[in-house]
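This is what each chain is made of:
There are 2 protein chains.
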Amino acid sequence: MKKLISLCAAMLTVAVAWGAQCSMSSPHGTTRVIFDVVDGHPTYEVYFKGKQVIKPSTLGFEFNKVRASQSVSNFNNFRVNGPKDMMNGFEITKVDTTSFYETWKPVWGEESEIVNNYNEMAVTVTQTELKRYMIIRFRVYDEGVGFRYEFPQQPGLSYFVIKEEHTQFAMTGNHTAYWIPGDYDTQEYEYTRSRLSEVSSLFDKAWEPNSSQTQFSKSGVQTSLNIKTDDGIYLNLHEAALVDYSCMSLNVDEKNFILESWLTPDAQGNKGHMQTPCQSPWRTVMVTDDARDILKSRLILNLNEPCKIEDTSWIHPVKYMGVWWEMISDYGSWAYATGIPSVKLGETDYTNVKRNPHHSANTENVKRYLDFASAHGFDQLLVEGWNIGWEDWYGKSKEYVFDFQTPYPDFDIKYLNDYAHSKGMKLIMHHETSSSVMNYEHHMEDAYNLMNKYGYDAVKSGYVGDIIPRGEHHYGQLMINHYLNAVKKAADHHIMVNAHEAVRPTGLCRTWPNLIGNESARGTEYQAFGGTQPGHTAMLPFSRLQGGPMDYTPGIFEMDLSYAGNDSKVLSTICGQLALYVTFYSPLQMAADFPEHYEKHLDAFKFIEDVAVDWDKSLYLEAEPMEYITIARKAKGSDKWFLGNVAGMQAHDSKVKLDFLDKGRKYTATIYCDAKDADYKTNPQAYTITTKTVTSKTVLNLHSVAGGGYAVSLVPIN
Amino acid sequence: MKKLISLCAAMLTVAVAWGAQCSMSSPHGTTRVIFDVVDGHPTYEVYFKGKQVIKPSTLGFEFNKVRASQSVSNFNNFRVNGPKDMMNGFEITKVDTTSFYETWKPVWGEESEIVNNYNEMAVTVTQTELKRYMIIRFRVYDEGVGFRYEFPQQPGLSYFVIKEEHTQFAMTGNHTAYWIPGDYDTQEYEYTRSRLSEVSSLFDKAWEPNSSQTQFSKSGVQTSLNIKTDDGIYLNLHEAALVDYSCMSLNVDEKNFILESWLTPDAQGNKGHMQTPCQSPWRTVMVTDDARDILKSRLILNLNEPCKIEDTSWIHPVKYMGVWWEMISDYGSWAYATGIPSVKLGETDYTNVKRNPHHSANTENVKRYLDFASAHGFDQLLVEGWNIGWEDWYGKSKEYVFDFQTPYPDFDIKYLNDYAHSKGMKLIMHHETSSSVMNYEHHMEDAYNLMNKYGYDAVKSGYVGDIIPRGEHHYGQLMINHYLNAVKKAADHHIMVNAHEAVRPTGLCRTWPNLIGNESARGTEYQAFGGTQPGHTAMLPFSRLQGGPMDYTPGIFEMDLSYAGNDSKVLSTICGQLALYVTFYSPLQMAADFPEHYEKHLDAFKFIEDVAVDWDKSLYLEAEPMEYITIARKAKGSDKWFLGNVAGMQAHDSKVKLDFLDKGRKYTATIYCDAKDADYKTNPQAYTITTKTVTSKTVLNLHSVAGGGYAVSLVPIN
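Chains as they are written, first to last, in this note's numbering: chain H, 64 to 781; chain E, 64 to 781.
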């Protein structure tokens with residue numbers, strides 16, 4: 064990736080009187096941070112356009128005991144008190160400020176060039192009595208603030224164990240929050256919109272069963288957390304660059320409206336094992352009075368390190384289909400064998416079991432998908448259930464659950480890869496780990512080598528169920544390190560990663576752009592597990608997608624799953640599905656339904672065929688969390704535009720000025736709209752497709768039904 | 064490995080009346096097991112030569128709750144009660160008996176052919192009310208009994224979580240035990256000899272600090288546990304074939320003299336995650352009235368599965384030296400950099416740090432060792448501290464502590480391997496993991512590939528410090544699986560493994576003979592950490608070595624470590640050190656001291672040069688735990704014999720009849736004896752070397768001082 068630094072940073076070191084307040088405004092002055100030490104406590108507050116949006120909030124850390132070695136003998140050691148807490152007794156001893164402006168080009172993204180422009184204030188706070196200090200670094204953007212704790216190497220602080228991080232976000236009132244329940248193991252929840260004071264009373268209602276879940280507080284919520292004040296200020300709290308640290312949730316003080324960091328513990332209850340020099344992830348506060356700015360913001364990406372992969376030529380966006388919805392919908396099966404109570408890898412003889420006729424990942428079926436997908440211009444095909452072990456893969460706390468190497472007898476791995484290549488496609492590998500992570504680490508290098516051997520260049524990995532090592536959580540430091548280690552090792556093998564059930568992303572795809580997707584939220588699969596209410600897809604771009612692209616797996620055309628004996632209904636319309644290819648940015652887009660379902664609606668399917676997956680430009684035309692999102696995007700290296708809207712529980716009317724089109728140029732607009740009588744529950748497949756010639760002067764009046772949407776392609780004629 | 068089955072097993076199925084007692088004697092009738100169900104409890108007792116040695120002892124399991132998936136949805140699940148305990152409510156429903164005799168040839172060992180001869184009784188016990196059963200399989204040998212629990216796959220029992228195994232060993236009195244404190248993380252203790260009733264009162268005295276240790280009961284002890292009755296019966300309790308199960312300790316009921324199994328928990332306190340069909344390891348009870356029979360017994364090996372490596376041609380015994388004692392003695396350093404508080408792999412620039420002049424693993428020093436070792440006929444040279452990360456490797460709970468890939472700047476890995484090969488030697492790789500096991504799993508395949516690249520064929524691995532994943536223990540199921548996985552993956556790469564701080568061996572080297580060594584006890588290094596009392600080396604062959612060879616690292620000639628600024632003294636004599644090459648069987652034998660220390664005593668060093676490391680035959684001439692051991696061994700494929708004795712706290716006189724020598728043949732005996740004035744504390748280097756011609760009629764009168772020993776080589780003249 065090429066980085067263009069347009070303006071070099073100007074460094075200013077300001078010596079301040081001890082205890083003096085200091086502050087920093089954003090480049091255009093919209094956002095301002097004030098920092099102070101109050102009664103020895105580091106404290107910050109945030110203003111937006113002159114108005115306080117974060118009240119004075121304290122910062123600090125509690126530490127736990129650590130084990131330390133004694134130098135007298137190489138091996139004697141004892142458990143000792145760790146360093147004292149870094150909660151109070153501080154003074155400001157130094158303030159460094161700087162300004163930064165750059166533009167950089169992402170390998171893939173919502174736009175081909177990203178501006179990173181902030182003013183920085185790095186405050187050194189010292190516990191004078193302990194002769195110990197840390198730096199709290201603020202980067203102030205026009206759309207918000209990022210700050211982190213930095214612990215330089217120093218005599219009194221080499222290693223420490225975090226008991227808890229105490230970062231407060233003190234709200235100015237009982238705002239409206241759009242939240243999912245705090246959980247150490249899953250984010251696969253629907254959003255609840257409520258006052259901050261109501262979280263604990265609504266918590267149990269918001270809590271739904273999952274394959275692995277651990278609640279820690281009835282007033283706990285997850286990030287990225289969106290908040291709206293009664294006077295129309297939008298806030299978004301999240302974190303950026305979560306590396307070698309545990310994931311942060313927030314706990315709500317429902318009386319004082321203070322949100323406070325709550326880290327994920329390890330199996331022993333510790334929340335971080337730190338070695339200086341080190342830092343926390345960035346804690347981010349986006350703030351705006353226009354919800355579209357949240358979608359437009361690149362604050363999370365900008366707070367991450369530049370790309371660390373030198374040659375990125377092998378990384379590319381992917382539009383794919385998959386042998387997947389068959390199993391999710393209950394139509395097919397991951398498992399090959401039927402009628403056996405359990406399997407043991409290396410012992411179970413698969414040539415001698417009864418084959419489940421519904422085993423989807425069989426050569427013939429995969430070939431059928433490849434034929435359809437290649438005919439319609441797809442890049443890749445995901446195949447799940449190709450490898451042995453699925454008969455009892457889940458919920459058994461089974462350590463040696465998969466080997467990531469051995470295909471089922473009816474899956475001809477060589478033939479199918481060769482066949483895909485002959486059609487100009489690739490298969491996508493699938494590594495479900497069943498959260499048996501020691502086992503995955505043990506097999507990972509061999510697994511990636513197998514991929515290289517057969518010509519796979521992308522893997523979907525999965526972490527369903529409780530983590531082994533037992534007692535660890537999906538969002539603890541050990542797992543955070545694992546996910547990133549898997550991405551780095553994949554990069555060594557020129558493999559792109561799409562990790563499901565992994566931690567919510569925090570912009571690391573800037574640094575490791577082979578991380579082309581994550582799940583880490585309630586995806587389309589829940590439409591087959593009972594359904595997901597409208598509004599969800601108008602929420603995710605504000606929350607989950609802030610950290611990076613989501614493999615949401617859209618494109619379901621057959622909403623009635625009774626063909627699979629499943630009484631769940633997909634609560635969406637066909638046009639609502641089409642819209643997602645525009646409103647959910649991802650370099651990895653799936654057409655998730657069956658070929659035979661698309662064949663019934665090839666006219667609508669055409670939009671999925673046509674839509675781009677990488678962009679030069681994105682315009683956020685309309686947006687309100689849980690209500691509606693309208694986005695226009697220009698395809699990368701092309702003059703085509705695509706437009707999409709999703710509507711929440713209310714129908715939505717748009718008046719879209721096409722003034723973003725090249726002036727004086729004509730375009731063919733193909734408009735995919737919910738039919739007037741479309742209904743996400745009772746009539747989801749009703750749509751209209753109209754074509755007209757438009758220019759930059761055209762205004763389109765477009766309508767989405769509740770739970771529906773629209774999609775438009777704009778192709779230049781001249 | 065070639066296996067010779069001389070006599071095929073004869074299978075007898077005996078239908079017995081429900082509740083009837085059943086019994087089985089050993090092939091020559093010395094040992095007898097009686098099994099019964101008493102008040103619903105499975106119960107066994109053991110007799111030796113008609114005398115009860117294990118009183119009726121109950122058998123059974125308590126189970127914990129498990130997580131289970133629900134089939135309604137693919138992802139819904141809940142925590143449910145696991146299967147009910149298997150403690151009582153049993154009836155005998157079937158008894159199968161069989162006899163077995165075979166001889167098999169180990170890849171390496173104390174003898175070239177091993178007899179495996181037992182009578183077997185497999186008792187099916189059924190919880191009739193629950194329609195559930197298990198099999199308790201006894202193998203009765205003349206020198207003892209092995210039994211295990213087998214859980215066949217059955218409707219009521221697919222997955223279960225062990226809360227505790229309740230296997231009792233009820234002693235017939237307040238016997239003398241030779242024990243080390245029960246610990247989930249280390250076996251590196253000195254032995255205490257006491258009455259069973261005294262364990263808890265002596266526990267704290269027996270407990271010494273270690274890099275990772277977890278006691279669980281003041282009356283907890285470890286296996287292999289030796290016990291002696293007042294009427295001269297020797298018992299040895301241990302386990303065989305510890306696979307996918309947690310390691311067993313024993314807890315002593317000091318009033319009733321009942322020892323009971325106590326498994327190692329995982330981070331959540333569970334003691335085993337089981338999937339049927341499965342079994343426990345063998346629980347072993349050796350019993351004899353001649354202590355030598357314990358040393359002679361191959362019961363533990365015989366209870367393990369035959370070799371699973373098809374081509375074993377690359378596995379070979381190794382006599383080696385090492386760049387190791389320099390660091391242990393405090394003379395040298397593992398770490399390259401000095402004056403820096405900590406390192407981060409990938410960030411710390413080693414080319415820009417101050418080099419510790421005492422860094423031992425430097426090219427010049429390693430070359431010096433290679434020159435000496437090759438001149439004296441050694442096979443390999445271990446080099447520790449070759450790779451980056453040693454500056455803060457230990458006691459910091461540091462996950463990314465080593466990469467197992469990157470040499471220090473002063474260690475030329477290619478040159479040194481090439482140089483070693485040019486001298487007919489190989490280097491031994493060192494993988495200290497610092498117990499950061501997720502990290503080791505992540506790098507293992509690459510690490511083994513690096514070994515293959517440079518021509519290493521053996522690795523010493525190490526597990527110093529607390530385990531990461533945190534909360535796991537060295538002897539828990541997860542780690543048991545890890546150690547074996549490392550050995551299996553090594554076999555794929557034709558690499559031999561010598562794992563230190565891993566679980567005590569249980570005979571798995573029969574199945575995986577590339578596991579050529581383990582530490583798993585207090586080795587020679589403790590002579591540099593304060594010393595180890597005489598008696599220890601006369602104990603280990605009865606205890607630790609029962610499960611497999613130990614890398615004890617003998618051969619220290621310079622007992623005064625003041626050259627290293629270390630005031631610890633090696634509590635042994637030079638001849639006491641020489642004896643260990645015979646009395647401690649291992650296919651991996653080290654000469655641990657510095658070349659310059661050997662150069663001062665090249666006449667004594669000659670024995671180390673000459674002694675074999677693989678044997679056709681071993682004769683156990685004299686033995687009493689903690690007191691003395693005298694063994695004669697015939698070198699494999701040679702007519703040379705070697706004889707050795709170690710003495711404990713008392714001097715020892717032997718009258719050794721050389722009637723094992725070929726009749727009518729003359730041999731040159733070279734006798735390395737403690738000098739009369741030798742003393743393990745004050746005069747350890749005093750020895751005599753005499754040479755005489757001997758025959759099978761010769762009787763040698765040999766003397767070892769307390770803490771000393773003797774060694775004799777017997778080389779045929781004609």
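Calculated directly from the structure, the hints in this document are not laboratory data.
Just so we're clear, the structure is a prediction, and the values are computed from it rather than from any experiment.
Some hints could be false.
Counterexamples of contact, computed for chain H against chain E with all Cβ distances above 12 Å [said to hold, decoys possible]:
id	residue
1	Val406
2	Arg418
3	Asp455
Simulated restraints, written as ranges between beta carbons of each label pair [claimed, not checked]:
id	chain 1	residue 1	chain 2	residue 2	range
4	H	Thr414	E	Pro779	52 to 58 Å
5	E	Gly593	H	Pro369	40 to 46 Å
6	E	Pro215	H	Thr414	21 to 27 Å
7	E	Asp159	H	Thr414	28 to 34 Å
8	H	Asp555	E	Arg418	54 to 60 Å
9	H	Pro218	E	Ile177	45 to 51 Å
10	H	Asp555	E	Ile752	25 to 31 Å
11	E	Glu687	H	Thr414	42 to 48 Å
Note that beta-carbon positions come from the ideal geometry of N, C-alpha and C, so glycine has one too.
Hint by hint, here is what the structure shows:
1. Val406: Given a closest Cβ separation of 9 Å, the condition is violated.
2. Arg418: 19 Å, holds
3. Asp455: With a cut-off of 12 Å, Asp455(H) comes too close to chain E, as the shortest Cβ separation is near 8 Å.
4. Thr414(H) to Pro779(E): 52 to 58 Å: 56 Å, holds
5. Gly593(E) to Pro369(H): 40 to 46 Å: Given range 40 to 46 Å: violated, Cβ gap about 52 Å.
6. Pro215(E) to Thr414(H): 21 to 27 Å: 22 Å, holds
7. Asp159(E) to Thr414(H): 28 to 34 Å: Between Asp159(E) and Thr414(H), where Cβ atoms are some 29 Å apart, the hint holds.
8. Asp555(H) to Arg418(E): 54 to 60 Å: 30 Å, violated
9. Pro218(H) to Ile177(E): 45 to 51 Å: 59 Å, violated
10. Asp555(H) to Ile752(E): 25 to 31 Å: Given about 57 Å between the Cβ atoms, the range is violated.
11. Glu687(E) to Thr414(H): 42 to 48 Å: 56 Å, violated
This entry does not satisfy hints 1, 3, 5, 8, 9, 10 and 11, going by the numbered hints stated previously.
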